Amino acid sequence: MTAYILRRILYLIPTFFGATFLAFLIIQMAPGDYLTQLELDPKITPETIARLRSQFGLDRPIYEQYLLWMNNLFHLNLGYSFAYQAPVLDVIWPRVVNSMVIVIPSTILLYLVAIPIGVYGAVRQYSLGDRILSFLAYVGLSVPSFFLALIAIYVLLQIKFRTGVLIFPVSGMTSSGFEQMPPLKQWLDIAWHAVVPILVATANDIAGLSRLMRGQMLEVLGQDYIRTARAKGLAERVVLYKHAFRNAVIPFVATLGGLLPSLISGAGFVEVVMAWPGITPFFLDAIANQDLYVIAGFLTVSLVLLMIGNLVSDLLLAWVDPRIRYE
Amino acid sequence: MERTSASQFAIALRQFRKHRLAVWGGRILLVLYLMAAFAGFFSPYDPNYYELFPPKGHHPPSRIHFVDPETGRLSRPFVYATKRSIDPVSLQPRYEEDPSQGKFYIRFFVRTPEQPYTIFRVFRSDLRLLGVDPPGRIFLMGTDNFGRDLFSRVVYGGQVSLTIGILSALVSFALGLLLGGIAGYFSGRSFRLSLPPSAWRGVGLLLGPLSLLLWLAVGGAALFLALSFVRLSPQDRFFSYTTLVDGVVLLLGVGAVLLILLRLFREPIRLDPDDLIMRTVEIIAAIPSLFLLISLRAVFPTNIDPLLTFYLVVGLLGFIGWGGLARVVRGIVLSVREMDYVQAARALGASDGRIIARHILPATASYVIVSLSLTIPGFILGESGLSFLGLGVTEPYTSWGLLLQAAQQGGFASFTDRPWVLWPGFFIFLSVLSWNFLGDGLRDALDPRRRQ
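Which chain is which? The protein sequence lines are V and B, in order. According to the working numbering, the first sequence is numbered sequentially starting from 1. According to the working numbering, the second sequence is numbered sequentially starting from 328.
A few of these clues could be false.
Which stretches of chain B does chain V cover? Using the computed rule of at least three CB atoms under 8 Å from a CB of chain V, they are [stated by the list, open to error]: (1) 550 to 558; (2) 749 to 756.
Pairs of lysine to any residue residues, derived as SDA-like cross-links and limited to a Cα-Cα distance of at most 25 Å, are as follows [as the list claims (entries may be wrong)]: (3) V/K160 / B/L749; (4) B/K410 / B/P461; (5) B/K410 / B/W750; (6) V/K160 / V/P277; (7) B/K345 / B/A364; (8) B/K430 / B/T445; (9) B/K345 / V/Y120; (10) V/K160 / B/F753; (11) B/K430 / B/E397; (12) V/K160 / B/K345; (13) B/K345 / V/L128; (14) B/K345 / V/L212; (15) B/K410 / B/F431; (16) B/K345 / V/L221; (17) B/K345 / V/I132; (18) V/K242 / V/P277; (19) B/K345 / V/R211; (20) V/K242 / V/L317; (21) B/K345 / V/K242; (22) V/K160 / B/F739; (23) V/K160 / B/K410; (24) V/K160 / B/Q732; (25) B/K345 / V/R124.
Simulated from the structure, these hints should not be mistaken for laboratory data. Small disclaimer: the values here were computed from a predicted structure and weren't measured. Even glycine gets a Cβ: it sits at the ideal position worked out from N, Cα and C.
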């Protein structure tokens with residue numbers, strides 16, 4: 001087992017260098033750099049540009065930039081954001097925290113909703129409830145999240161126009177006057193703003209997870225030991241939850257590691273449409289600005305988390321499922 | 328009584344028919360694709376046609392009347408012409424029906440000589456499914472900010488949205504099948520990338536020194552990178568964490584060179600294609616796909632030729648998607664490779680190419696068909712998302728995502744006042760849903776274990 005873990009970690013090294021270099025290369029391949037936009041500004045002299053360029057290291061060859069950046073990375077320094085004039089980590093972290101306000105509850109909600117739907121679908125296969133639930137799950141899967149967000153905004157605003165009551169806010173993370181609120185009220189205000197984005201962000205993923213759960217459960221329910229358990233005269237509840245369910249959730253343990261990088265990678269389009277100050281709109285801005293180290297830094301952090309996550313899932317899987325062996 | 332056994336296809340077809348939603352998905356897709364193929368016929372107007380005077384920007388969907396107000400009886404469906412005024416408060420255009428200009432009956436199979444179109448860029452025509460006599464206009468889904476008919480634009484947008492899904496799926500399948508197949512089939516049969524001097528005979532006399540030079544260059548590059556790393560690192564104190572990092576990197580560089588030299592003269596350096604391809608898949612999968620997609624899109628300028636942008640989006644989506652497929656295909660090929668019938672074929676002296684084409688690829692066919700139909704909706708969503716961010720297809724082409732982007736460009740008011748601009752979203756939804764159901768039905772039909 002130790003040998004297996006060590007080998008896995010060794011394999012991670014080339015992947016890490018490969019992926020960071022790839023990310024770096026992709027960003028560098030984009031025409032121009034951050035200073036290209038400043039060149040258009042008549043107030044900034046070419047000398048200033050040249051000075052800034054050498055200060056940022058943008059005049060060096062790509063491999064030198066990469067090595068310098070790597071060097072900083074080993075000192076846990078992700079570099080410096082051109083656009084914000086601040087260290088990358090300081091710029092990214094608040095946005096990531098904002099995103100987590102949506103991502104964490106939505107992930108919990110996802111598991112709370114999808115797993116029972118899947119189990120129900122397997123236990124009552126082809127019943128009316130199963131059909132309706134899986135139809136709804138497919139509807140959720142098929143709605144583009146930005147469209148769902150637009151619809152939600154439309155409905156909420158229409159309700160507001162008709163009744164004058166804004167049930168949930170449609171954009172942003174805080175109300176006006178947020179700074180003056182007492183801390184508890186600030187929390188409530190953010191939670192109030194987060195409800196719709198959380199629901200929208202969850203809708204897409206329910207289908208995938210619940211279908212997986214349903215399939216797993218069906219497979220387990222078809223096995224001999226379930227028949228044995230029933231033949232012994234065990235209560236159906238015990239058969240389902242003690243014998244079947246516990247084995248059916250094992251593959252989900254493997255997905256837990258994948259949640260680690262998704263914690264920081266944001267809620268996607270919902271953030272863009274609903275003006276949530278999360279990581280997705282921030283990343284889009286960084287790309288538009290060619291804020292090199294912000295992009296590279298963010299990709300690196302999510303890369304490291306993904307690698308750790310994959311490793312953790314494998315270890316968890318081996319721990320939960322004694323049938324899995326590593327030589 | 329004579330009973331004929333059903334063919335595999337007939338069994339699959341019967342099973343497919345049982346899945347009602349899949350059948351409906353297929354029908355809806357048929358309609359959508361027909362509409363996209365014969366877009367000119369189904370759209371009442373040219374998608375880029377608009378009037379300067381009187382302007383028709385932000386026109387709501389035309390009300391279709393079935394009852395004649397004069398007689399109070401049912402009549403042929405007709406629309407009224409509209410009169411434009413500017414709302415004094417919101418400064419937005421308002422349109423009111425103007426019965427004084429008379430009724431404009433909806434007519435089928437009308438000809439519009441002033442707005443000809445082509446089908447498949449070959450057949451010219453001006454026959455349209457429905458229309459009204461000018462100066463009346465019929466806007467089934469209203470107009471956009473220029474006054475272009477939204478329904479016509481949705482029909483034409485379908486051409487892009489629906490084909491991009493299929494094309495990107497094909498690209499990613501070509502890559503996934505090829506690379507996954509190679510990885511699976513040649514797994515454990517590594518290629519030799521160098522020749523030790525002891526094997527320098529025949530062709531090796533030429534290739535051997537060449538490979539030697541190549542590997543020396545690789546080693547030199549590694550050493551150079553390690554040295555550059557040390558050269559570039561800030562020199563602060565005599566011994567610190569920095570020196571430690573430098574030392575480790577230098578050690579790694581020197582170690583890599585020594586390792587290469589050692590291997591070079593003793594045994595050939597081998598590379599397992601399986602390792603190479605699967606590592607690449609891992610690297611691509613390691614970067615969050617939305618961010619990878621956007622970053623890759625940023626590599627190319629946004630103001631390139633619209634047709635080129637179209638192919639670019641196809642290529643990018645395909646490139647993002649092949650990894651997962653390659654992984655599964657590799658798994659299938661790895662297991663099929665060891666089957667008795669493949670061993671038999673090999674024993675009979677069949678070549679690698681023949682074994683792959685005749686014995687291994689057919690084994691992946693049902694999986695490929697099913698996952699093809701299940702990945703297409705993902706690509707349709709991907710394209711719409713990219714276009715929604717303004718990074719996808721550009722004017723004069725249009726897609727449902729792009730139309731939806733235009734819908735929310737003016738802030739929330741632009742679609743709360745004019746909800747009809749949200750129509751393109753329903754088309755994305757409908758097509759993705761139909762593809763999902765179709766794929767689900769195909770999976771049930773083609774997988775013997777899932778048959779009822």
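Outcome of the hint check:
1. Given a C-beta distance limit of less than 8 Å, the hint that chain V covers the stretch 550 to 558 of chain B holds, as 3 residues qualify and 3 suffice.
2. Counting residues of the stretch 749 to 756 of chain B whose beta carbon lies closer than 8 Å to any beta carbon of chain V gives 4, which meets the minimum of three for the stated coverage.
3. Pair hint V/K160 plus B/L749 holds up; C-alpha atoms about 19 Å apart against a cutoff of 25 Å.
4. Distance check on the hinted pair: B/K410 and B/P461 sit about 14 Å apart at the alpha-carbon level, within 25 Å; holds.
5. For the proposed pair B/K410 and B/W750, the alpha carbon gap of about 24 Å is at most 25 Å, so the pair holds.
6. Restraint check for V/K160 and V/P277: satisfied, since their Cα atoms lie roughly 24 Å apart, inside the 25 Å limit.
7. Simply put, B/K345 and B/A364 have alpha-carbon atoms about 29 Å apart, too far for the 25 Å limit, and the pair is violated.
8. With a CA separation close to 30 Å, the supplied pair B/K430 and B/T445 exceeds the 25 Å bound.
9. Distance check on the hinted pair: B/K345 and V/Y120 sit about 22 Å apart at the alpha-carbon level, within 25 Å; holds.
10. A C-alpha spacing of about 23 Å is found between V/K160 and B/F753, which places the hinted pair at or below 25 Å, so the restraint holds.
11. Restraint check for B/K430 and B/E397: satisfied, since their Cα atoms lie roughly 11 Å apart, inside the 25 Å limit.
12. Between the alpha carbons of V/K160 and B/K345 the distance comes to roughly 45 Å, so the proposed pair goes past 25 Å and is violated.
13. A distance of roughly 16 Å separates the Cα atoms of B/K345 and V/L128; the hinted pair therefore holds under the 25 Å criterion.
14. Our distance criterion of 25 Å between C-alpha atoms is met by B/K345 and V/L212, whose separation comes to about 22 Å.
15. Between the alpha carbons of B/K410 and B/F431 the distance comes to roughly 14 Å, so the proposed pair stays at or under 25 Å and holds.
16. In summary, the hint linking B/K345 to V/L221 is supported, as the alpha carbons are separated by about 24 Å, within the 25 Å threshold.
17. Under the criterion of a C-alpha separation no larger than 25 Å, the hint pairing B/K345 with V/I132 is consistent with the structure, at around 17 Å.
18. Taking the CA atoms of V/K242 and V/P277, the gap is near 43 Å; set against the 25 Å cutoff, the hint is violated.
19. A distance of roughly 19 Å separates the Cα atoms of B/K345 and V/R211; the hinted pair therefore holds under the 25 Å criterion.
20. For a cut-off of 25 Å, the pair hint linking V/K242 to V/L317 stands: about 19 Å separates their Cα positions.
21. As the CA atoms of B/K345 and V/K242 are separated by approximately 34 Å, the hinted pair breaks the 25 Å bound.
22. A distance of roughly 13 Å separates the Cα atoms of V/K160 and B/F739; the hinted pair therefore holds under the 25 Å criterion.
23. At roughly 30 Å between alpha-carbon atoms, V/K160 and B/K410 are farther apart than 25 Å, so this suggested pair is violated.
24. Taking the CA atoms of V/K160 and B/Q732, the gap is near 24 Å; set against the 25 Å cutoff, the hint holds.
25. A threshold of 25 Å between alpha carbons decides the hint, and for B/K345 with V/R124 the separation of about 19 Å falls inside it, so the pair holds.
In summary, the structure is inconsistent with hints 7, 8, 12, 18, 21 and 23 from the numbered list given earlier, while agreeing with the others.
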